[in-house]
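Each chain, written out:
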Amino acid sequence: MNLWLLLIVACVVGFLTKLVGYLVPKKWLTNPRVARIAGTLTIGLLASLTIANAVATGQQVVVDSRLGALVAAAVALWLKAPFLVVVLVGAASAAGLRLLGFP
Amino acid sequence: MPTSLAQSPGARVGVSIAVATGLYGVSFGALSVASGLDVWQTQLLSLLLFSGGSQFAFIGVIAGGGTPVAAASAAALLGIRNAVYGMQMNVLLHPTGWRRLAAAHVTIDESLATSTGQTDPVEQRRGFWVAGVGIFVLWNLFTLVGALAGDALGDPKQWGLDGAAVAAFLALLWPRLRSREAGAIAAACALATVLAVPFVPPGVPILVAAVVAALIGWFGYRSGPDGEGLEPDVDPYPADPHRGAAS
Numbered sequence: 001m002n003l004w005l006l007l008i009v010a011c012v013v014g015f016l017t018k019l020v021g022y023l024v025p026k027k028w029l030t031n032p033r034v035a036r037i038a039g040t041l042t043i044g045l046l047a048s049l050t051i052a053n054a055v056a057t058g059q060q061v062v063v064d065s066r067l068g069a070l071v072a073a074a075v076a077l078w079l080k081a082p083f084l085v086v087v088l089v090g091a092a093s094a095a096g097l098r099l100l101g102f103p
Numbered sequence: 104m105p106t107s108l109a110q111s112p113g114a115r116v117g118v119s120i121a122v123a124t125g126l127y128g129v130s131f132g133a134l135s136v137a138s139g140l141d142v143w144q145t146q147l148l149s150l151l152l153f154s155g156g157s158q159f160a161f162i163g164v165i166a167g168g169g170t171p172v173a174a175a176s177a178a179a180l181l182g183i184r185n186a187v188y189g190m191q192m193n194v195l196l197h198p199t200g201w202r203r204l205a206a207a208h209v210t211i212d213e214s215l216a217t218s219t220g221q222t223d224p225v226e227q228r229r230g231f232w233v234a235g236v237g238i239f240v241l242w243n244l245f246t247l248v249g250a251l252a253g254d255a256l257g258d259p260k261q262w263g264l265d266g267a268a269v270a271a272f273l274a275l276l277w278p279r280l281r282s283r284e285a286g287a288i289a290a291a292c293a294l295a296t297v298l299a300v301p302f303v304p305p306g307v308p309i310l311v312a313a314v315v316a317a318l319i320g321w322f323g324y325r326s327g328p329d330g331e332g333l334e335p336d337v338d339p340y341p342a343d344p345h346r347g348a349a350s
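Chains A and B, in that order, give the protein sequences.
For the first sequence, the positions run 1 to 103 when our numbering is used.
For the second sequence, the positions run 104 to 350 when our numbering is used.
Bound-form chain B, shown alone (with noise of 0.2 Å):
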């Protein structure tokens, strides 16, 4: 017998790392009308595109004069890891009919790492879905919050908003350096992007890293544990080491 839904361990932690990761949409939305999109466009990304690494990507590249095209292959490579989410969470949910297309939606770092992280196929369905439609939610109410800040601050230099992108950066690359290997590939990705950048337009030298992490991926598959960085970005069962998030 399941327990009701306010006292589901799934639901709980769905519920506190929905309120931690859709806190941080008002930085999404400040950053990116600093990049300079507008509102809309802002918001736009938020509903439809709805993966936090995607959006950054988007904007970034935007923020550093590159093109749309480049914006768009960027926000799109990104967003590959998530079908590999999304095969793992159809073995666990099996969704069928609309609620397929509502899964597939909110089937980002958070969700996935929230329901992965129950034993109990109830949980796990809870902790997915909660966590998922939680951060939706909130996620978009605080990109509307933070494009209008940002909009209203003015020049986002004099704020150090372009420092607040390369630290959000950061903070995403962050929690997937847990091996050395992944720290490689890092260093190597990064100063490929140094050397293309005097060469190639802007946005081009994120193409480019994509390429040698692609080649790293290809070539060197056997010296790393499988799915190197695919562990999601957050881990919302950090008290206790023997539930890993991606178990």
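Just chain A, with the same shape it has in the complex (with noise of 0.2 Å):
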């Protein structure tokens, strides 16, 4: 029941955002500091996403197969492989370093 409040939630908060930026004042959102704390906000979250997602078990940091996965993805971007390649790049270097008796 939470989970359904807060994803309903999520999705009205990010509609309104998107809201805010044809109702608002154009010279709100042109100044300098707003747009930049947005792209670093952008860029903040997804690196902590990424390494949270790779490294985070609970409340514990893990050595595992994701660590693997998240090597080989970036040598796949790296190549300039598109999306859709990279999270198979990751989910086949994750599930086969499972194969091979890594945790």
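Hints listed in this document are in silico derivations from the structure and should not be mistaken for laboratory results.
Quick caveat: nothing in here was measured; it's all calculated off a predicted structure.
Even for Gly, the Cβ is constructed at its ideal location relative to N, Cα and C.
Some clues are possibly wrong.
Okay, the calculated bits of chain A under chain B, using three or more residues with CB under 8 Å as the criterion [said to hold, decoys possible]:
(1) 3-11
(2) 20-27
(3) 38-52
(4) 64-74
(5) 79-86
Could you use the hints to bring the two separately framed chains together as a complex?
Structure, rendered in structure tokens:
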């Protein structure tokens, strides 16, 4: 129930955030500091989500097959692979490392 | 005299970006059910939240054992850039009435990049709507495909879906790391996350990183170009380096 509620809250907030751009005076969001924070937040959150999904298990930092997936994905991105290929490389390397006996 | 829709460069780019982006809805669908959401909840995110980064953030926090509050917070913070995109699109389109609501809903990285890469106002308009609506339809269709497939897979770990989630986040981040400063921000926030993990509940390290990112944005804003990292994460016009997506 709580998950449903917060899921709907996230959807409503997400839509209103988009709509705000169409409603507020232009100068508010062209403020360079606001635009910059929107940019640094995007980078910071995606970096945090990447590493948290790679090494966090509950409140522990764990090195396992997910870290291998991170490295393999980085190589795929460096080779300019498209998004879906990168995701498949991540899945294949994590599954493969587990087959080889890594945690 | 504008070209016909069939020959419209904006619409053509919109279609190709819609197909490419819509397809990877399959990975969102599969990863979302692997994180513990059901098919309905997964589909609702694609229908109503409809912003790839925010959707992946929500399920990424849930997958890590975070609370729904932390998941919604991460999704909301990652959506802030859409407000800035909305302002840019409002200047180009001036939509009114129901069109304003529809335009807001399909204001995402890809529709903005397609539109702003065109110079003719008619093409800017066509590019925005074709990319935005096209992605909405295909993204939702492929979310459903992915969610149903993910549901049928069984143990997500056996298929490496936790590794797929890591790869998806890195792929969302990667196109934004165009400058040394962007790389430094990413490194600082990743470090803050790892340091916070043992001390706060799951999901909260991501919000700690958000605070670090906001502080860097607030105090360091003279050191880099405006809107660092705010370029859309796609460039629909890679063949023409002189017509940048964010110009």
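Hints and how they fare:
Given a C-beta distance limit of less than 8 Å, the hint that chain B covers the region 3-11 of chain A holds, as 9 residues qualify and 3 suffice. Under a criterion of three residues with beta carbons nearer than 8 Å to beta carbons of chain B, the stated coverage of the region 20-27 of chain A is upheld, 5 such residues being counted. With 15 residues bearing a CB less than 8 Å from a CB of chain B, the region 38-52 of chain A meets the requirement of three and the coverage assertion stands. Coverage of the region 64-74 of chain A by chain B holds in this model, with 8 residues showing a Cβ closer than 8 Å to a Cβ of that chain against a need of three.
Using a Cβ-Cβ cut-off of 8 Å, 4 residues of the region 79-86 of chain A lie near chain B, which meets the minimum of three, so the contact claim holds.
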